[in-house]
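Asker: Throw the hints in and build the complete structure from the sequences for me.
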Amino acid sequence: MVSAEMKPVAIVGAGLAGLTAAWTLRQQKIPVVLYEAGKQIAGLAGSFHDPDGFTYDFGAHFVTNRLAAALGVGAHCRDVRYYGESVLLKGRHYSYPFGLMQVPRYVLSGLASRVRKHQPRSAADWFRAQYGHALANEVAIPLTEAWSGVAASDLSPAVGDKLQGGIAQSIVHKIAAQITHRAVTNGYSHEASENPNVWHVYPKGGLGLLCQKLAADVEDVIQLETPVEAILTAENRAVAVRVQGKEQPVSAVISTAPCHVLAKLVQGTDALHPLSRFRYRPMVFVNMRFQGRGLLSDTVVWTPEKDFLFFRLTETALSMPWLAPEGKTLITVDIGCEIGDEIWIMPEETLGELCLQHLEPMIPDGRARYFGCRVLRTPIAYPVFLNDYEDDRLRLTRSTGIAGLHSIGRNGEFAHLLMEDIYWRTTQKMRHLAATLN
Amino acid sequence: MNTQLHKPLQEQISASYGAPCRADGTEPLALTRVTCCICEVEDAQPLAVGEDFEYRTSPDTFLAVQCRGCGLVYLNPRPAPSELDRIYPPDYHAFEFSAERYGFVYKVRRKLEAKRLLSCCKGLGKTARIVDVGCGDGFHLRLLRDYGNPSWQLEGVEPSRLAVNAGLDQGLKIHQGIVQDLVRNLELPAASYDLAFMIATIEHVDDPVAVLAAVRSLLRPGGRVVIVTDNTQTLDFRLFHTRHWGGYHFPRHWNLFNPKNLRLLAQKTDMQVENLTTIVSPVNWVYSIRNLLVDWNAPQWLINQFSLQSTLSLGVFTLFDMLHQWMGHGALMRSTLRRPD
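Protein chains in written order, with the numbering used here: chain L, 1 to 438; chain H, 1001 to 1341.
Calculated from the structure, these hints are not laboratory results.
One or more of the hints may lead you astray.
Computed footprint of chain H on chain L, listed as stretches where at least three residues anywhere in the stretch have a Cβ under 8 Å from a Cβ of chain H [stated by the list, open to error]:
| id | stretch |
| --- | --- |
| 1 | 63-72 |
| 2 | 76-85 |
| 3 | 187-199 |
To give a feel for the contact side, a few chain H residues facing chain L, derived at Cβ under 7 Å [what the hints assert, rightly or not]:
| id | residue |
| --- | --- |
| 4 | Y1017 |
| 5 | P1046 |
| 6 | P1059 |
| 7 | S1151 |
Simulated DEER-style distance windows between Cβ atoms [said to hold, decoys possible]:
| id | chain 1 | residue 1 | chain 2 | residue 2 | range |
| --- | --- | --- | --- | --- | --- |
| 8 | L | R293 | H | P1081 | 27 to 35 Å |
| 9 | H | N1275 | L | Q223 | 55 to 63 Å |
| 10 | H | L1239 | L | D217 | 48 to 56 Å |
| 11 | H | Q1305 | L | E348 | 55 to 63 Å |
| 12 | L | L111 | H | L1276 | 48 to 56 Å |
In this text, a Cβ means the ideal position worked out from N, Cα and C, and glycines have one as well.
Answerer: In structure tokens:
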């Protein structure tokens, strides 16, 4: 039983994680207040629609049929029929992972790496130990460096934790995808095991639907345009939040804020000071609109060669044709950058022009097909696992170190979490929290 | 399953959003969230995503989860109680089980079931009072009437008006409603029955604990209830549990047990487990394969080989399940629980 006087749990941020937390706690009859600084819910899980009939997500998000069923929105989702990745090397496309396995050099060096056993000390070591020197040096390490903005030798081996399942799983899932004509997941869910009956789906109207569904049950506790100004602690316990200059007593605080922001919010202790060093990679997503379809060799094309401005291209319409009007397509160009650098501040059309130049080897007639772009920028696209603060990161995976303060979600956990993982991890954590509060 | 039934369904399905569904079932169902009925908490891992492969009553997809505490498999979220009429359509097989439809298989099933039922009735007096909770159209009551002691008093409980009417037409005494309500309203007398049957019932009910407690209250001290339900501790479950297992019967089976948590259920309702064994059934094997073939859009002639009409597949999997039964893992569980004196 929850006592009538129980102070609410304050949740910071109304993205997928914050809403899941509020929704789960509400089911456990725990009073909650959900503070959102922005004008609307959904955070990174939101979708944008333009008047020409294109839909854009922040990066290509995929929802699994399992997450949709868990939220009760399966009836509003459609199956993604195909998903494939390839790697562009020296002008040639290799499907991932099997195309790469047909290159004898990669196979031999991969086998050789299996014979040697050593404890990897960096992401670079890990990739070499896992994939062999040739594949690591030519593909995995350049991609990781473009994605993170730092040398792979400075990154923690934990970077590899969230990559695809093993070869056996990849083979089984590829075969299942061929038989069922469904984009069977591989490496998209780590909390709940993947199997050939878990595939990608896309909700009606975009990914925001998931958040709307969660929000519907907690609407009365969502306070929009209400940033949390501070999280107050006493004796190493979160006791209140300051909102609009007023202190609100709480029984616990759930934060979805990026770690460096959380470190600044918490007052009364310097226990979170190490989090202020955590870095996120800013990213620019250039959504380029073209006439035609199937301009790329696969849904996702990785471009590890350094000559390219970008490291990943996604033709979402190959997997989700409904995201672009018929006869047209959308290619999302992912460019890692730093806030304030040349790419970050570049005007939309100039970025589009630059991307066109770099896309020429893949789409020679791209300029004739191109009809404008829309750019989305985020300063916190991916957590960067620097070895410098690996011990602090591992500590955070266990606890924030402050009683009653929980940091959740992709930004809060400082982990490369995909949508389904966010849901299962958050519901699990909140049930445990509710048990302790009850 | 009658394959004729499915032809028009296939033509009616709408495939753009959600699961394929019949023309009169395109609206999503109202869903409700639940906790584990035994542990009373929601601490479960996802097990399977499925859809109504058999009747296509809605475009929803459903999640079966497994409780981390007791291993109970349950549907969460599940259709709200207000949706029962939709998920049990008029063509539901428990309402339309007739000799004309199932021919030879029906006759074999009748003989087999009669033998099984009577084995549960050993030691009953001439005036024994027996109630079948979740009796459908009265299939088991008719068997008891035809093969049992003529002086036994036989009654049934069934929430579906359609099924009750079918049973009444056969001259059976059936109370319409759910057992908890009938007990509460004194429509069924407390501590009056010697034996209760819950055959393929417990997996359908919203709150097995409340239902079993109500059934317990109907039994005389020392009276027994025989529960027959799908077993999740089987090879067919292990092979098909991520989607196609016949025992899920999406979205109509809400709680699925194994011997361990069936004992916990008995404990929770203060019943003594007198006997817990498994019995042979080919149905979950046949339906697991059928569901897989339907899901993968296999040709209809192949799907037709796996149905309640297919003597061959039923025969083969009966033999196959006999092997598992020999190892103690038959497809169904049968438990006799006794109300303490």
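Asker: Each hint should be assessed against the structure and marked as holding or not.
Answerer: Cross-check of the supplied hints:
1. Restraint check on the stretch 63-72 of chain L versus chain H: 6 residues with Cβ-Cβ distances below 8 Å, three needed, restraint holds.
2. Coverage of the stretch 76-85 of chain L by chain H holds [criterion: at least 3 residues with CB-CB distance below 8 Å; count 3].
3. Using a Cβ-Cβ cut-off of 8 Å, 5 residues of the stretch 187-199 of chain L lie near chain H, which meets the minimum of three, so the contact claim holds.
4. A distance limit of 7 Å between C-beta atoms decides the matter here; for Y1017 (chain H) the minimum to chain L is near 5 Å, and the interface restraint holds.
5. Annotation: P1046 (chain H) was flagged as interfacial toward chain L, and the flag holds, the nearest CB pair being 5 Å apart, inside 7 Å.
6. Given hint, P1059 (chain H) at the interface with chain L, holds; its Cβ is 4 Å from that chain's nearest Cβ, closer than 7 Å.
7. The closest approach between the C-beta of S1151 (chain H) and any C-beta of chain L is roughly 51 Å, which is over the 7 Å cut-off, so the hint fails.
8. At about 47 Å, the CB distance of R293 (chain L) to P1081 (chain H) disagrees with the hint of 27 to 35 Å.
9. For the pair N1275 (chain H) and Q223 (chain L), the beta carbons lie near 58 Å from each other, so the given range of 55 to 63 Å is met.
10. Against the hinted window of 48 to 56 Å, the Cβ-Cβ separation of L1239 (chain H) and D217 (chain L) comes to about 36 Å, which falls outside the hint.
11. Checked against the hint of 55 to 63 Å, the pair Q1305 (chain H) and E348 (chain L) passes, with Cβ atoms roughly 59 Å apart.
12. Distance hint check for L111 (chain L) and L1276 (chain H): the Cβ-Cβ separation is about 52 Å, which falls inside the suggested range of 48 to 56 Å.
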